[in-house]
Amino acid sequence: MNIIETKNLTKSYGKSRGIIDVNLDIEEGEIFGFIGPNGAGKSTFIRTLLTLIYPTSGSATIFGKDVVTSGPEIKEEIGYLPSEVFYYDDMKVIDLLRYSGSFYKQKSSNDIEKRIKELADLLDLDLKKQIDDLSYGNKKKVGIIQGLLHEPKLIILDEPTGGLDPLIQQKFFNLLREENKRGATILFSSHILSEVQKLCQRVAIIKEGKIIKVEKVSSLVDNNYKRFKLETVSGVTKQYFADLSGVSDLKISGNSISFLYRGRINDVTKKIAELDLSNMLVEEPDLEEIFLHYYQKEK
Amino acid sequence: MNIWRHELRSLSKSTLIWTVALSLGVIVFLSMFPAFTKDIETSQKLLNNFPPALRSALGISLKSFFTIYGFFAYLFTFITLAGAIQAMNLGVGTISKEISGKTIDFLLTKPISRAKVISAKLLATLSCLVFTNIIFSLTALICAKIVSTESFSSLTFLLVSATFFLVQLFFLALGSVFTVIISKIKSVIAVSLPTVFAFFVVSELGAILGNENVRYITPFKFFDPIYTINHNAYELRFLLIEIVFVLICILLTYVIYEKKDIRAAA
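So the protein sequences, as listed, match chains A and B.
Take 25 as the starting number for the first sequence in this note's numbering and just add one per residue.
Take 13 as the starting number for the second sequence in this note's numbering and just add one per residue.
A couple of the hints might just be wrong.
[To be verified] Going by beta-carbon spacing under 10 Å, a handful of chain A positions derived as facing chain B:
#1 R71
#2 I77
#3 I98
#4 E100
#5 Y104
#6 S107
#7 D114
#8 S124
#9 F127
#10 Y160
#11 D182
#12 G186
#13 F197
[Unchecked claim] Heads up, simulated BS3-like pairs for lysine-lysine below, C-alpha to C-alpha not over 27 Å straight-line:
#14 K250(A) to K177(A)
#15 K152(A) to K138(A)
#16 K271(B) to K31(A)
#17 K271(B) to K157(B)
#18 K177(A) to K128(B)
#19 K50(B) to K163(A)
#20 K129(A) to K205(A)
#21 K152(A) to K109(B)
#22 K198(B) to K129(A)
#23 K128(B) to K196(B)
#24 K114(B) to K153(A)
#25 K198(B) to K128(B)
#26 K116(A) to K271(B)
#27 K250(A) to K295(A)
#28 K114(B) to K129(A)
Since the hints were derived computationally from the structure, they do not count as laboratory data.
Because the structure is a prediction, the values reported are computed rather than measured.
Ideal Cβ positions, reconstructed from N, Cα and C, are used throughout, including at glycine.
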């Protein structure tokens with residue numbers, strides 16, 4: 025079953041870009057990554073799903089229900105953590121979390137209370153402090169607890185890791201994996217690819233408001249692309265590799281050659297065999313490189 | 013109900029301050045009543061020397077000034093001005109503070125409809141006003157009973173003091189509409205003070221110039237205390253204008269808020 029389904033979802037704000045014709049299916053139990061640089065439309069997409077903003081055209085369903093008409097009902101089962109968290113400064117952490125929990129009518133206050141304590145212990149957060157006195161990172165922890173305290177079926181995270189130190193980030197990711205094992209579906213938006221690579225199973229790449237690629241993280245990284253780095257004894261013309269189909273991001277400086285390759289390995293090794301090499305390195309490209317490559321190709 | 017409780021908690025302090033200040037104001041003022049009435053003739057002569065325009069601007073009617081109602085009605089001009097500011101602050105502040113404090117994302121991603129958010133917030137502000145009014149009216153009534161030498165009808169007195177609530181309701185409703193129309197309100201006072209004073213100035217100018225039509229556009233003149241004292245009722249026309257205006261404002265607040273895009277905090 026698809027937890028999130030969008031059909032030609034479009035949001036335009038006057039002149040500035042929003043999102044255009046986004047078609048996306050996110051399946052139950054997935055950790056789905058949503059990557060793109062700042063301003064590509066990630067937040068617009070997420071805010072439309074949460075009906076903080078309304079679509080210009082197209083539609084979106086969550087749990088099979090239309091987001092616009094069944095918003096409150098759907099949100100009963102959604103946990104949301106925005107990139108920047110803002111809470112009522114004059115409240116204590118525990119009061120804010122109780123207030124947050126009081127919206128979820130299906131959960132008993134005992135369960136919520138227990139969960140708050142559990143999560144606060146795990147993340148090492150002092151519940152008695154005033155929100156106003158918290159550091160940015162600690163506010164973020166409040167955000168994490170606030171998003172997870174009702175054990176939602178769908179967790180939506182909009183660039184959630186900013187301001188978290190690596191240790192807490194690790195704990196946070198483990199927490200998300202646990203939630204995922206429990207059955208929660210996770211939509212994780214980020215502009216940091218290594219995060220997405222660590223956590224997600226599938227990923228959508230968004231650029232200028234359009235989805236340009238949806239693929240499994242494993243297939244993006246594993247099979248398709250190899251990064252070749254060669255050192256030759258004598259120089260090679262750019263043309264030599266540019267002729268070979270599947271080569272991209274080709275860089276030649278002096279005797280060093282570097283390119284991404286996607287295609288039959290035999291084709292490229294034959295080509296390389298004809299060169300007089302002094303050194304060679306073949307590696308898995310990280311997602312970052314593939315991502316940049318997508319971005320350049322689409323320009 | 014949880015939003016209502018949350019709002020009440022955050023509004024309790026300011027409501028208490030307003031209530032105490034308004035009540036103190038009425039106590040201080042009404043305690044001067046005996047001084048005015050001790051020697052009515054002298055006081056009357058003094059007031060007679062005031063230019064008529066000033067008298068009408070101040071809401072002084074020579075016929076009734078020396079009765080407890082009339083004296084109270086006079087005070088009312090200024091008390092309602094203060095009350096209008098309290099109400100407008102509530103109307104503007106309660107909805108817009110979620111945007112200016114950027115807590116709106118938190119609130120609207122909870123499983124609750126926007127209409128319910130508005131209802132809870134309006135109900136909370138209304139609760140504050142009702143509280144202020146009950147304390148204020150009772151304080152005024154008790155003071156009046158103490159200082160007045162002749163007996164008077166508590167009902168009439170309370171009817172006059174209830175116009176305070178009606179004026180507040182007007183500004184509460186107006187304030188709510190403002191918050192959904194104006195995209196970002198940085199300072200509540202900067203919106204509420206000029207609005208309230210604009211209405212007040214219009215009503216004062218109308219009184220000075222003797223222009224009766226002004227009464228239709230400013231709530232400060234909707235409910236003429238002299239009429240209320242004489243008839244034990246409000247003028248139906250103006251009561252209707254008030255009701256229609258408030259209903260339209262509230263309706264607009266719901267409709268606009270329901271469709272509004274909540275842009276990312278930046």
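Consistency of the hints with the structure:
1. Checking R71(A) against chain B by beta carbon gives a least distance of about 7 Å; that is within 10 Å, so the hint holds.
2. Because the closest C-beta pair between I77(A) and chain B is about 4 Å apart, less than 10 Å, the hint holds.
3. With its C-beta approaching chain B no nearer than about 8 Å, I98(A) sits inside the 10 Å limit, and its interface hint holds.
4. Nearest Cβ of chain B to the Cβ of E100(A): about 4 Å, under the 10 Å cut. The hint holds.
5. Using the Cβ-Cβ criterion of 10 Å, the hint placing Y104(A) at the interface with chain B is satisfied: the shortest such distance is roughly 4 Å.
6. Restraint check, S107(A) versus chain B: the minimum CB separation of about 9 Å is within 10 Å; hint holds.
7. Hint status for D114(A): holds, given a least beta-carbon distance of 7 Å to chain B, under 10 Å.
8. Taking 10 Å as the C-beta cut-off, the interface hint given for S124(A) holds, the closest approach to chain B being about 7 Å.
9. The interface hint given for F127(A) is met, as the beta carbon of that residue sits about 4 Å from the closest beta carbon of chain B, less than 10 Å.
10. Residue-level restraint check for Y160(A) is violated (minimum Cβ-Cβ distance to chain B is 14 Å; threshold 10 Å).
11. Proximity of D182(A) to chain B holds as hinted, the smallest CB-CB distance being about 9 Å (cut-off 10 Å).
12. Residue-level restraint check for G186(A) is violated (minimum Cβ-Cβ distance to chain B is 14 Å; threshold 10 Å).
13. Checking F197(A) against chain B by beta carbon gives a least distance of about 22 Å; that is not within 10 Å, so the hint is violated.
14. With a C-alpha separation of about 37 Å, the suggested pairing of K250(A) with K177(A) is violated against the 27 Å cut-off.
15. Between K152(A) and K138(A) the CA atoms are separated by roughly 16 Å; this keeps the pair inside 27 Å, and the hint holds.
16. For the suggested pair K271(B) and K31(A), the alpha carbons sit about 21 Å apart, so the restraint of at most 27 Å is met.
17. Of the supplied pair hints, the one linking K271(B) and K157(B) is violated, its CA atoms being roughly 51 Å apart against a limit of 27 Å.
18. For the given pair, K177(A) sits about 24 Å from K128(B) by alpha-carbon distance, which is consistent with the 27 Å threshold.
19. For the proposed pair K50(B) and K163(A), the alpha carbon gap of about 64 Å is over 27 Å, so the pair is violated.
20. Between K129(A) and K205(A), the direct Cα distance comes to roughly 24 Å. Compliance with the 27 Å bound is thereby established for this hinted pair.
21. Distance restraint check for K152(A) and K109(B): the Cα-Cα separation of roughly 24 Å lies within the 27 Å cut-off, and the hinted pair is therefore satisfied.
22. A hinted pair counts as satisfied when its Cα atoms are at most 27 Å apart, and K198(B) with K129(A) does not qualify at roughly 34 Å.
23. Between K128(B) and K196(B) the alpha-carbon distance is near 21 Å, which keeps this suggested pair within the 27 Å criterion.
24. Of the supplied pair hints, the one linking K114(B) and K153(A) holds, its CA atoms being roughly 20 Å apart against a limit of 27 Å.
25. At most 27 Å may separate the alpha-carbon atoms for a hinted pair to count; K198(B) and K128(B) meet this at roughly 24 Å.
26. Distance hint between K116(A) and K271(B) is unfulfilled; the C-alpha atoms sit about 32 Å from each other, more than 27 Å.
27. Distance restraint check for K250(A) and K295(A): the Cα-Cα separation of roughly 15 Å lies within the 27 Å cut-off, and the hinted pair is therefore satisfied.
28. Pair hint K114(B) plus K129(A) holds up; C-alpha atoms about 24 Å apart against a cutoff of 27 Å.
Consistency note: the structure conflicts with the earlier hints numbered 10, 12, 13, 14, 17, 19, 22, 26.
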